[in-house]
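Enquirer: Those sequence lines, one after another, are chains Y and C. For the first sequence, counting from 1, position 48 maps to 48 in the working numbering; every step adds exactly one. For the second sequence, counting from 1, position 496 maps to 496 in the working numbering; every step adds exactly one.
If you're looking for bench data, these hints aren't it; they were derived computationally from the structure. Ideal placement from N, C-alpha and C gives every residue a C-beta, glycine not left out. Watch out, some of these pointers could steer you wrong.
Said to hold, decoys possible - Here are a few chain C residues that sit away from chain Y, every Cβ distance over 10 Å (derived from the structure):
1. Glu62
2. Asp605
3. Gly630
4. Ser706
To be verified - Below, a list of computed lysine-lysine pairs in the DSS-like style, where the Cα atoms sit at most 30 Å apart:
5. C/Lys214 - Y/Lys309
6. Y/Lys231 - Y/Lys306
7. Y/Lys422 - Y/Lys441
8. Y/Lys256 - Y/Lys331
9. Y/Lys115 - C/Lys712
10. Y/Lys315 - Y/Lys422
11. Y/Lys237 - Y/Lys315
12. C/Lys214 - C/Lys226
13. C/Lys214 - C/Lys121
14. Y/Lys115 - C/Lys598
15. Y/Lys315 - Y/Lys231
16. C/Lys711 - Y/Lys315
17. C/Lys711 - C/Lys286
18. C/Lys104 - C/Lys67
19. Y/Lys10 - C/Lys149
The chain contents come next:
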Amino acid sequence: MSVWNPDNIKDVAESLGIASLNDDVLQGLSSDIEYRLSQVLEESLKFMRHSKRATLSTQDVAQALRVLDVEPLYGYESTRPLRFGEASIGPGQPIFYVEDEEIDFEKLINAPLPKVPREITLTAHFLAVDGNQPTIPHNPTVADSRSQELVPKGPGANLHSTAINGADNITVKPLVKHLLSKELQLYFSNACSAVFDENTDEYRTAALTSIRTDPGLHQLIPYFVQFIAEKVTHNLKNLFILTQTLQLTSALLDNKNLYLDPYVSSLIPPVLTCLIGRHLGSSANPLSSFSLRNTAATLLGSICKKYAKSSHTLKPRLARTCLKHFLDPTKPLATNYGGIIGLQAVGGTEAVRVLILPNAKDYETLLREPLEDEGSSKQAEAEAVLTALVSALQTLEDDTFGLRNNVQNGETANLEQQLQEKVGTLLANRVLEMKRPKFVKALLETS
Amino acid sequence: MSAQPTHGGGSQGARTTTNGGSAGAMPMSMPQHRPNDSTVNVSNGAQSGGMSQQNLNGIVLEYLSKKGYNRTEAMLRMESANQDVDGRPIQTRVEDSGGVKYGKAFDLFRNWIEENLEIYKPDLRRLLWPVFVYSFLDLVSQWFPRESKNFFNNYREIFENEHEHDLRALQAVALPEHVDSSGIAKIYYSQRYRVTLSQTAFYNLIGFLESKEKEGGAVLVSLIQKQLNVCTVERTADEQFSLAKLIERARRPDDYPAEDEGIPGHNPGSANVTQGAGTSVLTRLKLGQMTLDQESRQDVLGELQNEDKIHPPGPGQSSLAEAFEQRIKREESEDVPGRTELPPRPPPIARDVAMEAQKVKENRDRFQISGRTGGVGPGVSVTMFTLHNTNDSVTCLDFSGDYRLIAAGFDLHYIRVWSIDGSPLPGPPGLDGQDSRPTASHRLFGHSGPVYNVSFAPATASTDKQGITYCRYLLSCSADKSVRLWSLESWACVVVYKGHDGPVWDVTWGPHGHYFLTGSLDRTARLWSTDRVDYLRLFVGHDRDVDHVCFHPNSAYVFTGSCDKMVRMWLVTNGYPVRMFTGHASNITALACSPDGKILASADDSGTIILWDLAPGKLLKRMRGHGKGGIWSLTWSVESTVLVSGGADGTVRVWDVQLPNDANGQGKVIGEGGAGQKLEPSVSNVSGAGGKKKAKEVMVTSDQISAFPTKKSPVYKVMFTQQNLVLAGGAFLP
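Excised from the complex, chain Y in its bound form (with noise of 0.2 Å):
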């Protein structure tokens, strides 16, 4: 009936020194220790809520002793909240005791002192600006707070403000359509088709100028971007198409007049897809596409040097997707290439030091096969690869400086060997054909 065990009373008289205590008394003993602990915790609980905590601590038990006149428990101060272990000692019958680890003294003395806890700082945002909540990362998202009631409900609810605080899960539509002039309605619908005129060379070019330069084009963004979108996804088969919105595209970027940052996120996807795509242009030439991967490339990295700032995620997420392309021997070898033509534009010689230096031995393996296959379409891939593998690789070659050409000839042999070891033997033996000591230099020494 009682919470309190009457055995642990019982242990006690005995180790006092009392034999057979009553059961009766031992009844109410019990009922009273349950009323002076329930006294204890009512009190240490008001110093709770006065902390403004939701844990109890065993400073706030403290506390409530020394208001009752009790001599507090001396000994359990702990500022973090106490981890209960759990036991059994029948079904049931779960027992409760506080963890308390044995620690070794001599280990404690020379152990290195533990890390300076973080100091507490202090930082402010909006939280409401004007009555709406700015979604910022300070604030939560709508989902997180989902769970919480933000919305008056019952039976007097207001309708009316439910609605304008947006805190409701219906879409308003905006009342206002957003209106096209004319003129940029037929700007539009030209360009577009200029730009893809097969036919005349200075339709295209003049188009692309426009667009270029023209200070009035912001309305028109949002078109253009789905234009771009739409163009890339239907036309993976023609290169010419995917070659024009590359340079739209680039185009619309090269303008100065236009506040492109919002859209970024929506240019980079058809870019990409001309990059690292499966299958671009017609099945019968692979080779075909490399230049429109060329372009992509380029495109990506000016897109990388120029947005990075205002996203900050930009450039790692780019990269992470090269990377991905760079070394899925599912894919394609041209993919592959896009990957790594990619990776060098966006992450420059940093991300070929750390991205790409590392898994070229590994790649190599996938490029022998084919390489060895003479003549086919696949050797000619295959070579391309390798080239551009190389050439990324060069590019560590310009960054590092302060090496001296001083090669012996007898260290020729270890040096072979060393290179193979790095990088494989079919870059290793590719690089050292070209000659270039300072080359392999900076491969070896670049770790």
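Using the hints, position chain C against chain Y.
Expert: Then chain C, alone, in the frame of chain Y:
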């Protein structure tokens, strides 16, 4: 513990032969099981003849029925019905059945209430809690340990919603000694519990009690007579008991204690607890703003005119001097307390004048929050200041009035002050007069217990470089029973104020500095002035700790909130209570008086905010929406039209003060609730209690304008600036 009188048990014991005597003589002996049947001895004596008498009855009845003496037979049957098989009289009167009687009576009472007319139900339900508490305490003090426990566990869930804290305190009371020492039992026994019923409901109740006298009515009557103070109200006399109100109340899913219900037993709003003629008359309050005296008014005006010359008002703006004149005119038309009704103030110095001028300026240039337009509340901007890596050790926060500093009190006995904008703070001046190295924050050491509140002295932003109006002092209160005054120039403790006999829970500055108010575990609130180490006034009356205190803006009155769930209002000059507000169902966690001095907002643990109209002493409305765990801070907009609250659930919520929150439900038909209840009256009541609880937890009343969640940061402090922007402070607790 030893000299334990067996309370009401005496009367019971007298009848039960020797048991009563032995219990009295051996108080430490164990709860003996009192024979439930008080007539054991009698029956034992009569047992020998029992059998034959029973047979005889049978024979006679048989004979009578054979002969057709129907009426005689019926009479005999009736008269012998009170005997059992053995011929012993059967217990019919519940009050003789020992400890079980309370349970039986309570059951009876509850069933009767639930089957009563819908319209009386809410009224009568209010009786359940006091009857429960007193039954339980009687049981305990009459030493029925098992029965009391059963009784408590059987019925506790009915009250879980509203009386969670009291239940927890009562739960442990198990022995008669506990009744004498337990705080809650003392409170309930020392005073009568007041309940107000409408007259019809009361007649209804009397009728019931009389008719069911034997089944337990007598037990209830004696309880009600002894411990309750049932007031009856003519329906027409009080609009709170008008038919419309009653119907509305019956329809509401949740119920709250009435404004005058409870232990202190006062008239609504009034602080007068004695009953008698004229006690319901309320003291007249003077809630107007404190005005400046003629001299300083001239000074302020001069200052403002100067300012007007340097920065001429923009188009559409009134000049500062005009704004000031307008304010004075408005203030004078209000009910202003006279000089003698206000605590004296030190003569104004240049700083006061500069502050006054700055206030006028900020007031004119503020972001205006007008009433709601087209159903939408005004948009409020909130800046949130978050402390990181605190490990849940922050207990309180405060922003200074000049918006330069933020102070936090810690569990670990110290206070830390940062500058709000992160600029370095000048260190204390060194011996050679040079400022020492400036730092980003200062720690103030001195307390020997957790710091429970910090409060910056009144200050305003300053236009000049010297910062004459900047904040210079900080007050803090702590578990070490002391209040400390810290200088923000030397970053050291200046004065220690001792006097409280328990941890000091709250401290707050008066609206114009100089005075401050503290509330403590010793159940008192005290008023101090900074230049004396002794307190000036002692406000005594709360039954439990004074958790929170707050000044009226004209500083003639103060408010105290306590964990006896009551808010009281006191007159500073003589220390008399002038208003008393009951209605909270949980501990008070924050108080704030509106800048126009007419409304008080109080918040509690369960997430309810109540607005009190001070002059008539009435509850204006309840605003719900916050989750459980305490609303730590409340703040009013300059116009007193918008209230902002922040709490443990990590939200900042904006409330419309003027919109009545049950207005929209007015037009509904009342039939639904009634019909639903009729179908399955007894079953639905039991399950209804659980469902009700859930429904209550998610309720957000319609007058909430908006709610802004934070990222896992409980909000410890919210503050409206003079220009109607909100500063909120919290600690990030991942």
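Enquirer: Tell me, which hint numbers fail for this structure?
Expert: 2, 3, 4, 5, 8, 14, 17 and 18
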